[in-house]
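Asks: Chain by chain, the residues run as shown.
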Amino acid sequence: MEKLEVKNVSVSFDGKQILEDISIELNRGELVCLLGVSGGGKTTLFNVISGLLKPDAGQVLLDGRDITGKPGTISYMLQKDLLLPYRTIEDNVALPLLLKGVKKREARAQVGPMFAQFGLEGAQKKYPAQLSGGMRQRAALLRTYLFSRDVALLDEPFSALDTLTKSAIHGWYLDVMEKIRLSTLFITHDIDEAILLSDRIYLLSGQPGRIVEEIVISEPKPRPADFNLTPRFLDYKKQILSLL
Amino acid sequence: MRRRNIPAFIAVAALLILWQGVSMLGLVPAFMLPSPVEVVRAFVKELPLLWENSLITLQEAFIGLVMGVAFGFLVAVLMDAFEVLYRAFYPLLIITQTVPTVAIAPLLVLWFGYEMTPKIILIVISTFFPVTVGLLDGFRSADRDAIGLLRSMGATRVQIFRHIKFPSALPQLFSGLRIAAAYSVVGAVISEWLGGFGGLGVYMTRVKKAFAFDKMFAVIFLISGISLGLMSLVEYAEKKCMPYRHLDKKE
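Protein sequence lines correspond, in order, to chains A and B.
The first sequence lines up with residues 9 to 252 when you count with this note's numbering.
The second sequence lines up with residues 15 to 265 when you count with this note's numbering.
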């Protein structure tokens, strides 16, 4: 894909406006964050983009093609890893391929080589309950990636992890992203996470959700591990805090 | 034997010893309550006859169980797929279960005769219910978010059923199956009481009329043995089908 565009999307439930005239875009290979308070309609926006929910107004375009209300093109990953407890990691990860009609054996063969890249060596035959939280999120991310190598929506994917695991997975995540270049739209309410990972940040206000500002994080990638201790990082943080 | 089974083993042994003692001391007339040793003796003596009749009962139970499970599965899937069917038939389903089996069995005999048919119908009626209810609960317990995730991947309803709903319902299905397996044997025996040409139920009525209490007890134990056997078969299948429920959590 070259470009994902969300144009003038508005959604309301029971007469209450949830999203008001949202327009955002995501270019190839970019990592863009939606940052805002909880309950700001971020998840609703993701449901619209993934096609699960039809907006009251507006459009979702992928390379100029209208995909509003049509699920099945954009992959979606939630805070809960949603790995199926009754399937091995290998079969969980292969699920998108199985849904597309690929035979089980073939699907397993295709996902096999990806395990190393995602730091999941040796986990193929294990069940989700046997893995740590960080490993499970990685597996979920691999599944997301296998569904669509174009664009992924990640809804607070790391917010359920503890601080130490989280900072480890951030480093890993930036690393993987460098390699696979997956265009990603990322929801978070964690300002540090947003600055650390993103190329751009959209700030979303709550009730109704509106885009209040777009901030470009011009720090080159790969970013050093101590980026979040630099003055530049703090400048970004101050700017965001003043706007929220 | 596993260590945690020892208390149960001791309890059963104590009960048998107590029973034997009561019989030997003549506290209860011997013809009314035969001692365990006499029951075992009767069992061994009657073994060929019991075996022959068991096969008939087992055959009925098996056919009835398979049909009952298949029917229960079909009903559950349809009721899950169409909300209208759920609303229409769920109350009816509950009502069928409040009618005691022994009450409808004579009717079935009158309608369908002394052959296999009424017996199988009775078993189907009593076994489909636990399967249907178990599956319905299981389908409803499926993770909404997981279903949403599959929908976002463009999964069809059949795919959602296959990858989410059905596997989520397996634990409840197996609890239902365990009950159904026990019901199938009891159902077969009850229907044989009310008329038939062979089977453990027929054997039971025969020895009852002869006041052969020792044989009575022998067949009672045999029936509960068969039920237990079937239930442990289900348990075995459960472990095979759901290895992820029996993991040790170590990494």
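Hints may be right or wrong, so weigh each one.
[Unchecked claim] List of simulated lysine-lysine pairs, DSS-like, C-alpha gap at most 27 Å:
#1 A:K112 <-> B:K254
#2 A:K134 <-> B:K222
#3 A:K78 <-> A:K62
#4 A:K174 <-> A:K229
#5 A:K174 <-> A:K62
#6 B:K59 <-> A:K111
#7 A:K134 <-> B:K59
#8 A:K111 <-> B:K254
#9 B:K223 <-> A:K133
#10 A:K11 <-> A:K108
#11 A:K133 <-> B:K254
#12 B:K222 <-> A:K112
#13 A:K134 <-> A:K62
It is worth saying that the hints were derived from the structure and are not from the lab.
The model shown is predicted, which means the values in this text are computed figures rather than measured ones.
Asks: Taking the hints in turn, state whether each one holds.
Replies: Structure-based check of all given hints:
no.: 1; hint: A:K112 <-> B:K254; result: 20 Å, holds
no.: 2; hint: A:K134 <-> B:K222; result: 56 Å, violated
no.: 3; hint: A:K78 <-> A:K62; result: 8 Å, holds
no.: 4; hint: A:K174 <-> A:K229; result: 19 Å, holds
no.: 5; hint: A:K174 <-> A:K62; result: 33 Å, violated
no.: 6; hint: B:K59 <-> A:K111; result: 57 Å, violated
no.: 7; hint: A:K134 <-> B:K59; result: 53 Å, violated
no.: 8; hint: A:K111 <-> B:K254; result: 23 Å, holds
no.: 9; hint: B:K223 <-> A:K133; result: 60 Å, violated
no.: 10; hint: A:K11 <-> A:K108; result: 24 Å, holds
no.: 11; hint: A:K133 <-> B:K254; result: 16 Å, holds
no.: 12; hint: B:K222 <-> A:K112; result: 58 Å, violated
no.: 13; hint: A:K134 <-> A:K62; result: 38 Å, violated
Violated hints, in rising order: 2, 5, 6, 7, 9, 12 and 13; the structure is consistent with all others.
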